[in-house]
Amino acid sequence: MTAALEIEGLEAGYGGAPVLRGLDLVVKDGITAILGPSGCGKTTLLRSVAGFVSPTAGRISVAGTEVVRGRRSVPARQRRLGYVPQDGALFPHLDVAANIGFGLSGAERRGNGPDRVTAMLELVELPTGLAHRYPHELSGGQQQRVALARALAPRPTLVLLDEPFSSLDASLREDTGRAVARALRAAGAAALLVTHDQGEALSLADQVAVMMRGSFLQVASPAAVYLTPTEPEVASFLGHASLLDGRVTDGEDVTCALGRLPLRTPCASGAVRVAVRAEQLQIRDAVREGRPATVVDISFYGHDATVRVRLDSGEELAARTPATSVPAPGERVRVSVVGDVVAFAATG
Amino acid sequence: MAGGASPLLLLVGLAVAVLALVPLGYVVTTTAELGRQEAVDFLWRPRIGELLWNTVRLLVAGVVASTVLGVAGAWVVERTDVPARGWWHAVLCAPLAVPAFVNGYGWVSTTHAVQSFPGAVMVVTLSYYPLVYLPTVAALRRLDPAVEEVATSLGRSGWSVFTRVTLPAISPAVLGGALLVGLHLLAEYGALQLLNYPTLTTAILQQYATVFNGPEATLLALVLVTFCLLLLGLELLVRGRRRRARVGSGSSGVPVRVALGRYRPLVLAALTAVALWALAVPLYALTRWLVRGTSASLDVGELAATAGTTLWLALLGGLTATAVAVPVVWLAVRHRGLLTTAIERSVYTASAMPGIVIALALVTVSIRVVPTLYQTVLVLLLGYTILFLPRAVVSVRSTFELVPPGLEEVARNLGCSGPAVARRVTLPLVLPGLAAATALVSLAVATELTATLLLAPLGTNTLATQFWSDASSIQYGAAAPYALALIVLSVPSTWILGSLSLRTTR
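Order-wise, the sequence lines are chains R and S.
For the first sequence, our numbering begins at 11 and goes up steadily by one.
For the second sequence, our numbering begins at -2 and goes up steadily by one.
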């Protein structure tokens, strides 16, 4: 089976400043999230695939058909991709049915047999009664679903989603995200989802590409990028990992300010950076084990709290604690680590 | 009905509406004084049929040609990779600085071939297409490019994206521009008189010239006003069905520009042709007459005095009309209702009246009601206000629609009083729009001809009236310096308008 999207050595830039520096990516099927901070080039990557930005080098194939090779490229309208921009960008002068039917040929729109527009509405879990509403009469989440239905109607093999949920409020974001993922799977379309929200990337995607400064740092499953990051930057960007200096002596353990800790993956001996996840750190008082520290400040979330502490040896760490046992700022506590940690050979 | 507007504001709005309706009231009452059989006998003549046919075909052809030219120019500048985009924008705005009658003078003093229907259509189109071009450029700038990108990704060609997505989205701006062009064509006198193309308006002027205040001219004016009302009704009907609510906040990025490719030379040639036709021909004619006319001894002192008077009147007229437009727009936008919409629409009725009808209405009313005002600058300013209020309202309105009521509510919540909200929030936001409105009206006042001829106090000469007295007596050389001064005076406001259309909020 041909991959839905193949990218090789993709480079792009504006006026001499490189934005994409040689990207490689294969999307077989399912949802691939491009995760990175704003300005890392993820939107440029998406727009290169869509055909709105002309890359300076590299190759892009969609469903086995080459659409970009070096400076030669197929026009955007002939790539047969679904595209869902931020805010959905529904056509304000057309009703929902006309929006969804926009990319269909006349015959498909008039239809014989099951109506494509109705099928699409059902696919994105919207009541068919919405068909004759206008975009301004819909909620933000409904607009995004209609935008997806419009993108899926011409049966593309690949759908591009550009921060599609960023303008929705938190409760709507999760529901809409799940509905979009279900609809994409039901339609059998692969998707490239650009986002800066790690929760969104990890929960919705089958594959996550972590991007920084125009390059991919790691491309792997959500669990792999979270549990076994290959770069310290991936570890600190995903979740609240604190980075500490340490030293590996035997390849199995690492010694750092938090004591001697087991390694999750083997690491060469020498100076290393150790990544410790916030949920691995236990903050307790009135116990003897663990390293002494002082509480700096606290963010209380309800289901849990993030506590920042300073070790007596000087390092600052972020720890997640249950809501029931939150210390007060300035309190003396002891910090210990649960489970194994990841270490990266120190560079420079 | 007017949703909580303060009585004082409503009173001001009603006063403006009454003022704007004075010319219409004048036409209607004078017509009513006329016997019915007399009116039918006058209107049911082949001569009137010919005038109607001339007016209608000029209206239709002129509006269509201006719209096509204005929209095509805006699309090329905003949505294609045409080189030197900023320069072409300036070139396409520039004809606004050449008054239609100066343009007509330039053409007619070059070739008499323009004294025909196609010639008339060409000259008025070249003079008035910027009225469509400017709002269209602004609307294209505001349009979220993502909407066009989605249409492209759904397999639509450039043309199909334009007609099915872009055009519907910018249609309110295009329609507004087309309406303005139509109203201008109905009221145009100077250019058409020079081109020897008789319409209802030029006929009215001839009637007035022969029998000062004759009933026949008033009857013709009534027919003309009917046209204007039909046009307004049509625009209201079409605009009313449009849905233009923008969905979401939209992150207006840089639009993807259509690559012209092998059409580039063709597009550049077309742009150059517009520049040559609309600018080079009248300017060349002007220069030729200027060089030839210097022998006829130019009175520099008189020219300077006339220019000073024009400048002063233009600024005063611009400020007055804008100040009067604000309460009207405020009522229509914030207190939408039957009454407030009626007030807003009533100001438009004056715009299809030729300047001379408004002027004569004011002359008659001032002589009958307040004789001391007759032959004063105040009456002239009232005339300018009635005449140019529609333009001021159109641009002030588009500005006020950009200020969400939420901002004002926030300011009130922060403890601002009503006037403080206006001063600290609303005014700074709408000031660029108000400046545009003032510039637009000043430009129009500086080049206004017929109303000034009638209403200006004795001895008050403007560049336009001085130009007209020379040009209409075929003293082309003597008219040239005044024409040049008119153009020079119009350049700054044209420049303001051109740059404002590019600086819409992104």
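Please note: incorrect hints may appear among the correct ones.
Claimed, not checked - Facing chain R, according to a computed beta carbon distance under 7 Å, are these residues of chain S, among others: (1) SER150; (2) LEU151; (3) THR160; (4) LEU164; (5) PRO165; (6) VAL255; (7) ALA256; (8) ASP296; (9) VAL297; (10) GLY298; (11) LEU300.
As the list claims (entries may be wrong) - Simulated restraints on C-beta separations: (12) R:PRO332 <-> S:CYS413: 26 to 34 Å; (13) R:SER246 <-> S:ALA320: 43 to 51 Å; (14) R:ASP185 <-> S:SER3: 39 to 47 Å; (15) S:PRO425 <-> R:GLU147: 31 to 39 Å; (16) S:PRO401 <-> R:ALA196: 56 to 64 Å; (17) S:SER154 <-> R:THR138: 24 to 32 Å; (18) S:VAL57 <-> R:GLY80: 46 to 54 Å; (19) R:ASP185 <-> S:ARG54: 54 to 62 Å; (20) S:SER157 <-> R:LEU253: 51 to 59 Å; (21) S:SER157 <-> R:GLU76: 49 to 57 Å.
By construction, these hints were calculated from the structure, which means they are not laboratory data.
Each residue gets a CB set at the ideal place from its N, CA and C atoms; glycine is no exception.
(request) Hints the structure violates: just list their numbers, smallest first. (result) 3, 4, 6, 7, 8, 9, 10, 11, 12, 13, 16, 21
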